[in-house]
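Novice: Put together the whole structure using the sequences plus the hints.
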Amino acid sequence: MITLRWTITPLLLYLLSSATSSPVSISTSAPPLLSQISPPSPVPTILPSPPSPSLSAPPPTINQAELTEKAKCPLTMSPSTLVVRFGDPVTVNCSLRTLGFPLLGWEVSLASPAPTEGHFLVWSVDKMTEWSINPMCWALTDQGGQCDINLPLIVFKPPDSVTLSLLNHTGPMMEGNEYTLQCTVQGVAPAEKLSVTFYRGQTALVQTRTSNNTEKEPVNETLTWIITPSKEDDGAEYWCEATLKLGPEGPRHPPVVKSKRLTATVLYGPQIDCPPKLRVKEGESLECAVRGNPQPLVTWFRDGEAVALPAHSNREHAGYYTVSAKGLREKNLTVMVEVLPGGGAANSYNRCFLLAVLLFQTLHWL
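For the sequence shown, my numbering assigns the number 374 to the last residue and increments by one with no breaks.
Among these hints, one or two may not hold up.
Stated by the list, open to error - Under the rule of at most 35 Å between Cα atoms (straight-line distance), these lysine-lysine pairs were calculated in the DSBU-like manner:
| # | residue 1 | residue 2 |
| --- | --- | --- |
| 1 | 239 | 266 |
| 2 | 165 | 239 |
| 3 | 266 | 201 |
To be verified - With beta-carbon atoms standing in for the labels, derived distance ranges:
| # | residue 1 | residue 2 | range |
| --- | --- | --- | --- |
| 4 | 328 | 184 | 27 to 33 Å |
| 5 | 171 | 283 | 42 to 48 Å |
| 6 | 152 | 200 | 47 to 53 Å |
| 7 | 142 | 245 | 27 to 33 Å |
| 8 | 330 | 234 | 36 to 42 Å |
| 9 | 150 | 255 | 36 to 42 Å |
| 10 | 175 | 84 | 49 to 55 Å |
| 11 | 175 | 195 | 16 to 22 Å |
| 12 | 330 | 171 | 23 to 29 Å |
| 13 | 195 | 88 | 26 to 32 Å |
It is worth saying that the hints were derived from the structure and are not from the lab.
Even for Gly, the Cβ is constructed at its ideal location relative to N, Cα and C.
Specialist: So, in structure tokens, the structure goes:
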């Protein structure tokens with residue numbers, strides 16, 4: 009019994025010492041009591057710092073990339089923009105500013121030249137025979153890439169004819185009514201560059217411009233303007249003018265085509281220009297201005313009877329008269345005539361005689 013106790017005792021001491029030198033945790037600590045849990049500390053506010061250039065996402069710089077590519081593309085054109093009349097010759101030079109581009113060429117649908125290993129290449133056409141054309145000059149790099157530039161090109165043609173008419177109307181116009189002037193431009197290109205101006209005599213009424221037609225080939229365009237004629241417009245001349253606005257790259261004198269003049273006939277009146285009280289001097293005639301189209305028929309009435317106007321009035325001609333004018337319509341006006349003493353042809357003769365005498369005396373004194 010004693011021997012067994014001494015045998016177990018060293019074994020227990022050995023196990024105890026092994027546990028102390030290499031501890032292995034196989035138990036879970038008890039959770040802290042509620043009273044032992046401290047409140048959470050406030051979370052500090054963290055402001056966003058500027059992104060690092062190496063980590064920030066690149067912005068969408070499509071336009072910038074295009075500009076960069078163009079900046080890297082050492083191609084130049086002369087001229088840089090071209091405005092050419094249909095049927096005229098064309099010559100444009102494309103050249104390289106730097107080395108490193110072994111091949112230069114043109115991509116164009118009309119008379120495209122063969123690529124070259126030189127530093128310039130000319131595109132030349134004897135007659136421009138296409139309306140819609142987009143020439144492009146390109147160059148290949150040593151690395152096998154390509155850069156290119158486009159040539160802005162406008163092909164134009166002046167109008168074949170320009171005519172002015174009244175829309176849905178023929179013959180004379182009535183004063184105060186509305187009428188539509190119609191300017192027809194035939195065979196013009198491009199229509200989006202067309203500008204039309206309406207005139208009355210030498211006065212521009214309005215300038216209109218068509219911008220909704222993007223057709224490159226010749227087309228017919230019709231533009232209108234509304235007028236309300238008055239008696240002052242009787243005999244006036246209306247016309248229109250078509251111009252192609254081609255910008256600073258266009259011809260120095262833009263092509264202009266004018267219509268024939270349309271003479272307006274305006275029916276109006278009659279209009280009686282006479283004061284209610286007409287004062288004349290003895291010897292003068294009685295008259296009032298009467299206007300109208302057609303020319304009015306004028307009759308003077310006194311006491312209900314038609315009378316002939318005296319060439320030399322006297323006091324017996326004083327009184328009330330009715331002026332009747334018949335034209336496009338009939339108009340009557342009552343006028344009181346007052347004949348003043350003196351004046352007339354005799355007084356006019358006397359005044360002229362006195363002036364002649366004074367002039368003779370003045371010359372004699374000199």
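Novice: Now, for every hint given, state plainly whether the structure supports it.
Specialist: Here is how each hint holds up against the structure:
no.: 1; hint: 239 <-> 266; verdict: 26 Å, holds
no.: 2; hint: 165 <-> 239; verdict: 40 Å, violated
no.: 3; hint: 266 <-> 201; verdict: 16 Å, holds
no.: 4; hint: 328 <-> 184: 27 to 33 Å; verdict: 32 Å, holds
no.: 5; hint: 171 <-> 283: 42 to 48 Å; verdict: 46 Å, holds
no.: 6; hint: 152 <-> 200: 47 to 53 Å; verdict: 40 Å, violated
no.: 7; hint: 142 <-> 245: 27 to 33 Å; verdict: 44 Å, violated
no.: 8; hint: 330 <-> 234: 36 to 42 Å; verdict: 39 Å, holds
no.: 9; hint: 150 <-> 255: 36 to 42 Å; verdict: 38 Å, holds
no.: 10; hint: 175 <-> 84: 49 to 55 Å; verdict: 51 Å, holds
no.: 11; hint: 175 <-> 195: 16 to 22 Å; verdict: 21 Å, holds
no.: 12; hint: 330 <-> 171: 23 to 29 Å; verdict: 48 Å, violated
no.: 13; hint: 195 <-> 88: 26 to 32 Å; verdict: 29 Å, holds
In summary, the structure is inconsistent with hints 2, 6, 7 and 12 from the numbered list given earlier, while agreeing with the others.
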